[in-house]
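K.L.:
Could you build the full structure based on these sequences and the hints that come with them?
What follows is each chain in one-letter form.
Protein chains: 2
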Amino acid sequence: MNDPVTTLSEILGPKGWLSGTDAEPYLRDWLNRYGVTPLGVARPANTTEVATVVKACREAGLAVIPQGGNTGLCGGAVADRPNAVIVSLSRMTAIGEPDPESGSILVDAGVVLAALHEALEPHGLMFPMHLGAEGSARIGGLIGTNAGGSQAFRYGMMQDLVLGLEVVTPDGAVWDGLRAVQKDNAGYQLRKLYCGAEGTLGVVTRAVLRLYPTPKQRASALLVVSDFAAAVSFGAFLRDEAGEFLAGLEFFSDVGLALALKHLPDLAYQLETRGDVYLLVEVASGSPRVPLDEILNSALEWGMEQGLVVDGALANSGAQREQFWRLREEQPEGQRLEGEQLKHDISVPPGAIARFIEAGAKLCSDILPGVRMNPFGHLGDGNIHYNLSPPEGRADFDGKATAFAEALAALVTGMGGSFAAEHGLGRAKIAMAERNRSQAERALMARLKDAFDPLGTMNPGVLVRAG
Amino acid sequence: MNDPVTTLSEILGPKGWLSGTDAEPYLRDWLNRYGVTPLGVARPANTTEVATVVKACREAGLAVIPQGGNTGLCGGAVADRPNAVIVSLSRMTAIGEPDPESGSILVDAGVVLAALHEALEPHGLMFPMHLGAEGSARIGGLIGTNAGGSQAFRYGMMQDLVLGLEVVTPDGAVWDGLRAVQKDNAGYQLRKLYCGAEGTLGVVTRAVLRLYPTPKQRASALLVVSDFAAAVSFGAFLRDEAGEFLAGLEFFSDVGLALALKHLPDLAYQLETRGDVYLLVEVASGSPRVPLDEILNSALEWGMEQGLVVDGALANSGAQREQFWRLREEQPEGQRLEGEQLKHDISVPPGAIARFIEAGAKLCSDILPGVRMNPFGHLGDGNIHYNLSPPEGRADFDGKATAFAEALAALVTGMGGSFAAEHGLGRAKIAMAERNRSQAERALMARLKDAFDPLGTMNPGVLVRAG
Numbered sequence: 000m001n002d003p004v005t006t007l008s009e010i011l012g013p014k015g016w017l018s019g020t021d022a023e024p025y026l027r028d029w030l031n032r033y034g035v036t037p038l039g040v041a042r043p044a045n046t047t048e049v050a051t052v053v054k055a056c057r058e059a060g061l062a063v064i065p066q067g068g069n070t071g072l073c074g075g076a077v078a079d080r081p082n083a084v085i086v087s088l089s090r091m092t093a094i095g096e097p098d099p100e101s102g103s104i105l106v107d108a109g110v111v112l113a114a115l116h117e118a119l120e121p122h123g124l125m126f127p128m129h130l131g132a133e134g135s136a137r138i139g140g141l142i143g144t145n146a147g148g149s150q151a152f153r154y155g156m157m158q159d160l161v162l163g164l165e166v167v168t169p170d171g172a173v174w175d176g177l178r179a180v181q182k183d184n185a186g187y188q189l190r191k192l193y194c195g196a197e198g199t200l201g202v203v204t205r206a207v208l209r210l211y212p213t214p215k216q217r218a219s220a221l222l223v224v225s226d227f228a229a230a231v232s233f234g235a236f237l238r239d240e241a242g243e244f245l246a247g248l249e250f251f252s253d254v255g256l257a258l259a260l261k262h263l264p265d266l267a268y269q270l271e272t273r274g275d276v277y278l279l280v281e282v283a284s285g286s287p288r289v290p291l292d293e294i295l296n297s298a299l300e301w302g303m304e305q306g307l308v309v310d311g312a313l314a315n316s317g318a319q320r321e322q323f324w325r326l327r328e329e330q331p332e333g334q335r336l337e338g339e340q341l342k343h344d345i346s347v348p349p350g351a352i353a354r355f356i357e358a359g360a361k362l363c364s365d366i367l368p369g370v371r372m373n374p375f376g377h378l379g380d381g382n383i384h385y386n387l388s389p390p391e392g393r394a395d396f397d398g399k400a401t402a403f404a405e406a407l408a409a410l411v412t413g414m415g416g417s418f419a420a421e422h423g424l425g426r427a428k429i430a431m432a433e434r435n436r437s438q439a440e441r442a443l444m445a446r447l448k449d450a451f452d453p454l455g456t457m458n459p460g461v462l463v464r465a466g
Numbered sequence: 000m001n002d003p004v005t006t007l008s009e010i011l012g013p014k015g016w017l018s019g020t021d022a023e024p025y026l027r028d029w030l031n032r033y034g035v036t037p038l039g040v041a042r043p044a045n046t047t048e049v050a051t052v053v054k055a056c057r058e059a060g061l062a063v064i065p066q067g068g069n070t071g072l073c074g075g076a077v078a079d080r081p082n083a084v085i086v087s088l089s090r091m092t093a094i095g096e097p098d099p100e101s102g103s104i105l106v107d108a109g110v111v112l113a114a115l116h117e118a119l120e121p122h123g124l125m126f127p128m129h130l131g132a133e134g135s136a137r138i139g140g141l142i143g144t145n146a147g148g149s150q151a152f153r154y155g156m157m158q159d160l161v162l163g164l165e166v167v168t169p170d171g172a173v174w175d176g177l178r179a180v181q182k183d184n185a186g187y188q189l190r191k192l193y194c195g196a197e198g199t200l201g202v203v204t205r206a207v208l209r210l211y212p213t214p215k216q217r218a219s220a221l222l223v224v225s226d227f228a229a230a231v232s233f234g235a236f237l238r239d240e241a242g243e244f245l246a247g248l249e250f251f252s253d254v255g256l257a258l259a260l261k262h263l264p265d266l267a268y269q270l271e272t273r274g275d276v277y278l279l280v281e282v283a284s285g286s287p288r289v290p291l292d293e294i295l296n297s298a299l300e301w302g303m304e305q306g307l308v309v310d311g312a313l314a315n316s317g318a319q320r321e322q323f324w325r326l327r328e329e330q331p332e333g334q335r336l337e338g339e340q341l342k343h344d345i346s347v348p349p350g351a352i353a354r355f356i357e358a359g360a361k362l363c364s365d366i367l368p369g370v371r372m373n374p375f376g377h378l379g380d381g382n383i384h385y386n387l388s389p390p391e392g393r394a395d396f397d398g399k400a401t402a403f404a405e406a407l408a409a410l411v412t413g414m415g416g417s418f419a420a421e422h423g424l425g426r427a428k429i430a431m432a433e434r435n436r437s438q439a440e441r442a443l444m445a446r447l448k449d450a451f452d453p454l455g456t457m458n459p460g461v462l463v464r465a466g
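Taken in sequence, the protein lines are chains W and C. Residue 177 in numbering that gives the first Met the number 0 is what sits at position 178 of the first sequence, and the numbering runs on without skipping anything. Residue 189 in numbering that gives the first Met the number 0 is what sits at position 190 of the second sequence, and the numbering runs on without skipping anything.
Everything labelled a hint here was simulated from the structure, so no lab data went into it. This structure is a prediction, so every number in the text was calculated from the model and none was measured. Glycine included, C-beta positions come from ideal geometry on N, C-alpha and C.
Think about it this way: if two alpha-carbon atoms lie no more than 25 Å apart in a straight line, the pair counts; the simulated SDA-like pairs of lysine to any residue are:
1) Lys215(C) x Pro287(C)
2) Lys54(W) x Arg441(C)
3) Lys342(C) x Gly131(C)
4) Lys54(C) x Thr92(C)
5) Lys215(C) x Tyr154(W)
6) Lys215(C) x Glu300(W)
7) Lys261(W) x Glu321(W)
8) Lys54(C) x Ala439(W)
9) Lys215(C) x Pro287(W)
10) Lys215(C) x Glu293(W)
11) Lys215(W) x Tyr154(C)
12) Lys215(W) x Glu300(C)
13) Lys54(W) x Ala439(C)
14) Lys215(C) x Asn296(W)
15) Lys399(C) x His343(C)
16) Lys215(W) x Phe236(C)
17) Lys215(C) x Gly317(C)
18) Lys342(C) x Phe227(C)
19) Lys54(C) x Asp449(W)
20) Lys215(W) x Pro287(C)
21) Lys215(W) x Pro290(C)
22) Lys215(C) x Asp292(W)
23) Lys54(W) x Ala442(C)
24) Lys342(C) x Pro368(C)
25) Lys54(C) x Gln438(W)
26) Lys215(C) x Arg288(W)
27) Lys361(W) x Gly413(W)
28) Lys54(C) x Ala93(C)
29) Lys215(W) x Met303(C)
30) Lys215(C) x His116(C)
31) Lys261(C) x Pro331(C)
32) Lys215(W) x Trp301(C)
33) Lys215(W) x Ser297(C)
34) Lys215(C) x Glu304(W)
35) Lys261(W) x Gly369(W)
36) Lys215(C) x Met125(C)
37) Lys215(C) x Arg217(W)
Label-pair ranges, simulated between beta-carbon atoms:
38) Pro287(C) x Asp253(W): 27 to 37 Å
39) Ile10(W) x Lys54(C): 48 to 58 Å
40) Ile10(W) x Ala442(C): 20 to 30 Å
P.N.:
Right, dumping it as structure tokens:
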């Protein structure tokens, strides 16, 4: 038997097999916390080549590490051992013709999300998935992590947007499940199972995605609300009164606003009042006959009458809309520029957000008095990026990072929520899952992994502990 | 060891253990095609009792057959052997308090869908799942078959509406996954996998479901369109122009209308024109400020200008709306009263409906000249109830039932659709799945079944062939 590296480099050619310095950009995760240097990086050009690589690795006893844009935050797309091959989908970037009558499109797993958005624009169609990393995240990685983003509460997560899949299974077989229908109940919902499987059950190579028509008009408003309880009540009112139009329902706190304004001098805050909590509301419609501004304005008036909304303004131009959105989008950057931080990717039932904020603040202050809580995120689905900065004047967290993470995980678990809302488990949160999820649940997952990947060579050590 | 029947009847008491004539209503499937008499019917009162029954059956080597409303159409909820116990969830009917701020509710698996609708009404909330059997179908069965219905294209199927689950696994353990958040990526999406698993991986005992606010206004229209191609084009236009309001987008043919009018004398058709295809369009909005009638009317005008819509009327009252809907809803009954029929539960990409109708008609006419095709269903997701009546003057299909089923399954498979769109595989369609789905796909499903139920006692012979 040949040396596997020689075999792979011969099969894939110089474009398809990277090692040495060429391979370097693929070896460490986004936050530079994980990544053992593997034998090399395969960049197959098509599904057949992916299958060939998977088979060759299996024969040689090498681990296969599927990788998309490598922008994941839990270390799920880099190797944990030298005897591994990273399989980057970055050369598989074909985007099919969208089918407007069916609302679907066939894409390669290596397509960058922003490239898909761009390709769809001239067709008046959209793929309703928006998140910070859309300029680098690839479809396969979004499927592997079951990405959510800011429109998930309206259009769903990847699992709701994937109609069909093609996957190279751990034994190197190709499962062609590239059907293009929502209603397909011929057996287990494998297409849904692969969403969120983090590459541990196979390599996703292509997908049929669900598309929606692009709205013809939108309106956006920035609001100051009196507190988190008011944000929850006003959010529920909006879902009731304007639910079918909601395209964004984001929140951030005054802590985060202050940090963003401090570190990003070109940011402007244009309302007269400051408060504890801010909402960014966006509504959109496919019909030119809907009085969107009026609907949004009357919701604002109701909120003010009820004492929930303190101040607010509708964007009067595209430029102002962009300024409003930047206040929300620069939350991570403002906090990053402030120095050390701890990120927590959690969700609670939307109605429990205010209770969580109160209980979380107490927990964190008990662990490290003066720690600054900066929650922001998606009001509609209760997904909170609950990030911390050290107390004023301190540069670190006094070694309490794990204490915060564990306390918050236990809190959200007790509230019916999740300590891994959007980013998955990867390598980073397996121990946390073991502490916060039942033995029965972990056993089902271990059995599932074992059934699909009995040799344990597909992304080992990710999502479930290697056997 | 005691005789298992004695054990179970002692544990469950007279309300919880039925045999003899008391058990009879549970033993045969809805279409009376399947069902071997088992040892008895367990009707546990709670999750603990379900687990006890599953454990007792496991120890005694008995098959466990989970059953909801027993209204399934593929024989998936009755026994295939005497050494079995049917576990009916019909005594577990608790409905929790809805949480309007989170849009969720906790329910027992035995809750009848219509009872849930009724319980939610006073709260201004809805569970957006509507289908013919809603007066008898239970939540657990709807989950097991991943039900769709007429609003799936807008709100999703059960897999999109289930936030959390509680399941008794085949070894009698209880998996408590009753979380109440959309975003939970802590491991494999077990909650989605159990949707459509047809009770072969465990017994679903409780669920947290997603709720939506009830719309405050609706408008409905009945249209005659020139042909199926026009129906597809007009459907695409509606999704583009009024997508966020669409609450119904149903179609039926003149064959079906004629049968319904012939056999149901109280039905009235109120338009002046007849045509080949009819659409029932319903739009709804949470906002009182949306000019729904105007939006629907202008879509109709556009359709007429384009030559797609031949005739049409908006319902001018609740009574007229009901008459319009009855024309669609009585399609199965009209055909049933005509005599023998063959039902096919298929889906194709919505844009391919017209091509399917043409190709399907040719296939069927070749098999049995003069056979009457009666397609009706859901335009928005391409789900077609493609039912056949014998040629005029004939009472049967000349023994061609399997030939029709197989030809249609191959046709939709080739079009990227499904031969089991809504009803699942059950016992009825396993052979069809083996012919129309790849070896790779069937192998994944068999491995999955084996991993979760290594002894093969959980609903054996359903969805995958018993090992």
